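K.L.:
The lines below spell out each chain.
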Amino acid sequence: MWTRKASILGAGGVSLVLVGMMMSNFQMMVFGVAFVAFLAVNSWITGHGDIQVVRTLSADNLYKGDDLYVELEITNPSWRRTQQLEIYDNVPHEMKLRSGLNYMRVNLGPGETTRVRYVLRCPLRGHYSIGPISIRYRDSFNLFSQEMYVDHRSDLIVFPQVREIEEAMVRSRTPKMYTGATTLRTPGPGTEFFSLREYVPGDPFKIINWKAFARTGQLIVNEKCRDAVTDVFILVDSRDISRIGTVLKNPLEVGTVAAASLASYFIKRRDSVALAVYDERLSFLSPDTGDKQYFKILSSLAGVAPKGAMPLQAVTNALSSRFSRGSPVFIISALEGDGTTIPAIRDLAGRGHEVIILSPSSVDFERLVSRIPRTSYEVLKLERQNRLTALAGFGARVIDWMPDVELSQALLQVKMG
Amino acid sequence: MAVPSLSGVGNWLRSPSGKRMVALSLFYLTLGLLFSTVAGTYITRSEVHQSAYGEDWNDMSAFRADIKNQGITTTSIVSSPLLLEEIQSPRDTVFVVSGIERDTISLPRFSADSSVIQLVEGLGYSTSEIDAISNFVERGGTIVVLDDFGYAQGLADEFGLGFSGHQLYDTQTWDPDLDFNYVWLNITNGFNYSTSSGSRTNTNPCIADEDSDGTPDFLEGIVVPTTEELGLCSHRWDSISATYNMDPGYDLLLNQPSAFDKGEAGENSDDNLYPIGFSTQDAYLDTNNDGKLTVGFSGTDAGSDEQGPFAMYVKYCRSRNCDNPDSGRAYFVTDGSLLVNSIYDTEGVESGAYGEFNKTPDINDNRRWALDLIAEALMSNDGNASISSDAQVIFDESRHQQPSFMGDTYNLLYYILIYFTNDWMAMLLMFLGLFVLFEFIIIKKLDPEPWRHVFSIIYYGYGDSRRYEYYGRANKIKQILLTRVRNVNSLTREEFDALPARDLQKMVDDPVLIKFIFEDRRYSMEEMIAVIKRIKTWGRR
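So the sequences go chain by chain: E and D.
Following my numbering, the numbering of the first sequence begins with 1 at its first residue and continues without gaps.
Following my numbering, the numbering of the second sequence begins with 1 at its first residue and continues without gaps.
The hints are simulated quantities; they were obtained by calculation from the structure and are not laboratory data.
Any given hint could be a false lead.
Claimed, not checked - Here are a few chain E residues that sit away from chain D, every Cβ distance over 10 Å (derived from the structure):
1) I8
2) V33
3) D67
4) M310
5) R351
What the hints assert, rightly or not - Pairs of lysine to aspartate or glutamate residues, derived as DMTMM-like cross-links and limited to a Cα-Cα distance of at most 20 Å, are as follows:
6) D:K533 with E:E192
7) D:K533 with D:D509
8) E:K307 with E:D338
9) E:K307 with D:D464
10) D:K476 with E:D338
11) D:K536 with D:D509
12) E:K307 with E:D240
13) E:K5 with D:E350
14) D:K536 with E:E383
15) D:K478 with E:E383
16) E:K211 with E:E192
Said to hold, decoys possible - Simulated restraints on C-beta separations:
17) D:F35 with E:E280: 31 to 39 Å
18) D:S351 with E:V41: 50 to 58 Å
19) E:K5 with D:G160: 12 to 20 Å
20) E:E406 with D:L24: 55 to 63 Å
21) E:R351 with D:A498: 53 to 61 Å
22) D:E494 with E:S321: 27 to 35 Å
23) E:R80 with D:E449: 22 to 30 Å
24) D:I443 with E:K292: 55 to 63 Å
This structure is a prediction, so every number in the text was calculated from the model and none was measured.
Where is the CB? At the ideal position from N, CA and C, for every residue including glycine.
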């Protein structure tokens with residue numbers, strides 16, 4: 001591409017030649033030809049962008065607010081100099097440059113290598129990709145520039161922050177809520193021996209106690225204790241309305257932090273955690289425990305985006321067969337714009353689930369971006385209070401989560417119900 | 001070398017770079033087709049003739065060789081006669097136009113007459129070119145215009161002449177050895193400019209003989225002149241008989257000649273326009289263009305051809321009777337093939353230099369006439385036959401088909417360049433174009449933006465401000481108050497709806513709120529705020 005300088009030089013050269021011809025001024029024509037010749041010669045000796053780039057990241061997965069260290073190693077494998085070479089690593093706009101620069105201007109000789117180092121802060125969860133690398137090379141006189149890309153990308157996931165909620169007053173009526181995975185004194189699939197009993201048709205052969213059979217002549221089978229853990233269900237509202245507020249502070253953002261923190265808490269306690277995210281459709285992760293499940297939950301939460309308007313009752317109806325009996329259900333929702341909230345929670349509570357509603361106050365989030373008239377704000381708050389009171393009336397434990405309140409503090413506020 | 005797979009090619013075609021490459025290829029293909037279509041009209045080789053640089057029988061290489069042998073520079077103009085303006089010594093220059101085969105390309109121009117804008121130019125040359133040629137003659141240059149049915153009309157108009165554009169048949173002077181297309185133009189004295197001027201042979205240095213001793217002035221006292229002494233008049237010297245030809249007359253052989261319009265080629269001393277060569281009285285112009293000689297009564301019968309005599313060779317001089325040797329001259333002959341090799345170079349024809357001919361033309365004076373006018377134009381009158389070092393003969397090739405590949409395209413481009421730097425209307429347009437180009441570059445041509453990372457997540461948010469007004473209405477507040485009352489009292493919607501007003505008043509137990517519930521009126525802002533405060537505190541008691 002011609003730069004402005006080259007364009008003016010070219011147009012000036014041609015103009016001088018033409019005007020020189022008009023005025024029969026030889027000197028003018030010589031100047032014009034010199035300009036054009038200068039351009040022509042420089043167009044043949046431009047640099048090149050034939051370079052090799054390797055990007056190294058300090059981590060592929062990190063938590064919201066963490067720093068990411070990036071290093072680019074740039075090598076010129078060609079036998080020519082690159083001339084003026086600009087290298088720019090395309091970083092998502094959602095990431096903040098904390099130190100260093102993702103840009104460098106170099107003139108690499110044959111075989112030379114250089115490095116670009118910079119640190120990014122990731123204030124917003126999500127799935128991101130760093131790259132491609134933009135390259136622009138110019139000739140020595142900055143007359144021509146060419147742009148190209150090195151399609152080298154590095155993917156990373158920024159998980160929502162995980163808060164410490166150990167001290168929070170989170171309770172479940174199920175006995176294993178507090179102790180993690182322990183054996184129940186009831187028979188079932190498990191690892192620990194429970195008792196012996198007589199064989200009944202249908203029992204697998206592998207549980208037959210052959211020694212007892214040899215001793216007694218009767219088929220006796222080993223019964224194991226059921227490894228029962230609490231199944232915790234977390235329902236995250238990712239509907240379009242949940243983006244009320246700023247990008248960093250809105251019901252969905254704080255909701256994902258809450259969901260991740262709860263999941264972390266319960267998985268550490270060796271409970272099984274299931275995650276359901278509903279927006280325009282329902283995404284469900286079956287209850288499970290362990291690091292793998294934890295990673296799945298965090299990855300899923302990293303990718304949620306506000307969209308759609310799926311009603312809560314449709315979610316609870318769809319999941320009714322999957323809910324374990326009596327297991328606690330966390331609903332993280334601003335409870336805005338959904339007329340089915342009350343009947344859905346009434347049904348859940350009616351089926352014996354402990355329903356804990358963590359409701360970020362959308363009206364207060366909205367105040368961060370809109371100047372809500374005082375009267376309207378108070379009325380909106382009253383209406384929200386009515387809604388929460390009604391839900392508490394059905395036995396749900398409701399937490400009205402204000403934007404400036406920490407999650408652990410909010411969880412301590414469970415007082416309704 | 002790895003052969004790309006079909007799917008790989010398909011993927012590449014679907015990629016942005018592939019699409020861009022395909023789009024670019026199609027663009028350049030279309031551009032190439034357009035260009036080749038336009039250029040093709042110029043690339044197509046057609047029969048080349050009357051070119052000073054061609055060696056064929058119908059070219060003029062023999063004439064050019066004669067001039068070169070006399071030590072005169074020969075060159076050509078392939079772009080436009082506008083370049084004649086640049087010639088520094090027009091007095092030493094002869095411009096030869098032989099056959100104008102192409103019309104001009106030009107822009108509309110403002111004119112000084114009532115039409116204001118002249119959309120169509122004259123034939124052959126643009127007005128600027130004709131002005132350039134005319135100025136060239138005014139500055140002392142010599143032009144030779146040989147044309148019959150071509151585009152010389154525009155140039156002839158400038159000198160007060162009119163080409164008839166019809167073929168001339170002369171029943172008296174056609175050449176029976178060849179055919180009726182060959183006509184002799186017999187001129188007894190080529191220097192009788194007017195009926196009153198008498199013979200003005202002194203205007204031509206080759207036959208200027210002031211003392212009438214039969215020896216030209218520049219050879220006075222020389223018995224056997226050398227080639228140097230003969231100079232530009234060497235063609236009149238017969239080395240075998242050692243005699244110098246002093247004949248002022250010419251027998252010119254023409255091929256398919258035309259003639260000037262009768263009314264426009266009369267002797268006109270005021271305009272210094274001198275018709276010198278005429279057809280016979282029995283010559284006819286094929287005015288009905290039937291290709292035949294159709295004789296009528298004095299040419300007045302409808303459908304008959306016009307009868308002669310017609311002027312066929314006209315000389316124009318800037319000075320009266322061409323007395324001033326330094327003044328400009330213009331020679332017009334109504335035959336474009338007067339100097340073609342097959343007629344001009346009879347010796348070459350006989351020796352087979354131009355191929356085999358069924359019939360060979362007779363010896364004629366075309367060569368002597370042509371070289372006489374060259375001598376008249378370029379030879380100094382200082383008593384010897386020397387010529388200026390700047391002497392040159394320029395052939396106009398700008399209106400001829402070119403034999404070389406892309407020659408015509410090159411000529412066209414060169415013509416456009418010369419035209420746009422010499423014609424004032426074109427110059428004006430070009431200035432405008434350059435101005436617009438510079439404006440465009442300065443305004444539109446931007447250097448690539450410097451790359452900079454922009455962190456941009458904090459500047460947008462989302463809220464629903466449309467509902468605020470709705471939530472400020474009394475009815476909405478009333479509805480919220482009633483819902484609050486219903487929730488606090490743990491009533492279902494049905495139970496609450498069935499509740500008598502008295503019971504509701506008891507439940508509310510606040511006169512202000514009861515009034516608010518039951519009274520339907522407009523509230524001021526202050527009243528509304530007071531009511532909301534009461535609702536907030538209600539139920540906590």
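K.L.:
Against this structure, judge whether each hint is valid.
P.N.:
Now for the hints, and whether the structure bears them out:
no.: 1; hint: I8; in the structure: violated (6 Å)
no.: 2; hint: V33; in the structure: holds (14 Å)
no.: 3; hint: D67; in the structure: holds (14 Å)
no.: 4; hint: M310; in the structure: holds (19 Å)
no.: 5; hint: R351; in the structure: holds (20 Å)
no.: 6; hint: D:K533 with E:E192; in the structure: violated (62 Å)
no.: 7; hint: D:K533 with D:D509; in the structure: holds (15 Å)
no.: 8; hint: E:K307 with E:D338; in the structure: holds (14 Å)
no.: 9; hint: E:K307 with D:D464; in the structure: holds (16 Å)
no.: 10; hint: D:K476 with E:D338; in the structure: holds (18 Å)
no.: 11; hint: D:K536 with D:D509; in the structure: holds (14 Å)
no.: 12; hint: E:K307 with E:D240; in the structure: holds (4 Å)
no.: 13; hint: E:K5 with D:E350; in the structure: violated (66 Å)
no.: 14; hint: D:K536 with E:E383; in the structure: holds (11 Å)
no.: 15; hint: D:K478 with E:E383; in the structure: holds (11 Å)
no.: 16; hint: E:K211 with E:E192; in the structure: holds (18 Å)
no.: 17; hint: D:F35 with E:E280: 31 to 39 Å; in the structure: violated (54 Å)
no.: 18; hint: D:S351 with E:V41: 50 to 58 Å; in the structure: holds (53 Å)
no.: 19; hint: E:K5 with D:G160: 12 to 20 Å; in the structure: violated (56 Å)
no.: 20; hint: E:E406 with D:L24: 55 to 63 Å; in the structure: holds (58 Å)
no.: 21; hint: E:R351 with D:A498: 53 to 61 Å; in the structure: violated (29 Å)
no.: 22; hint: D:E494 with E:S321: 27 to 35 Å; in the structure: holds (31 Å)
no.: 23; hint: E:R80 with D:E449: 22 to 30 Å; in the structure: holds (26 Å)
no.: 24; hint: D:I443 with E:K292: 55 to 63 Å; in the structure: holds (60 Å)
The structure fails to meet hints 1, 6, 13, 17, 19, 21 from the earlier list, while all remaining hints are met.
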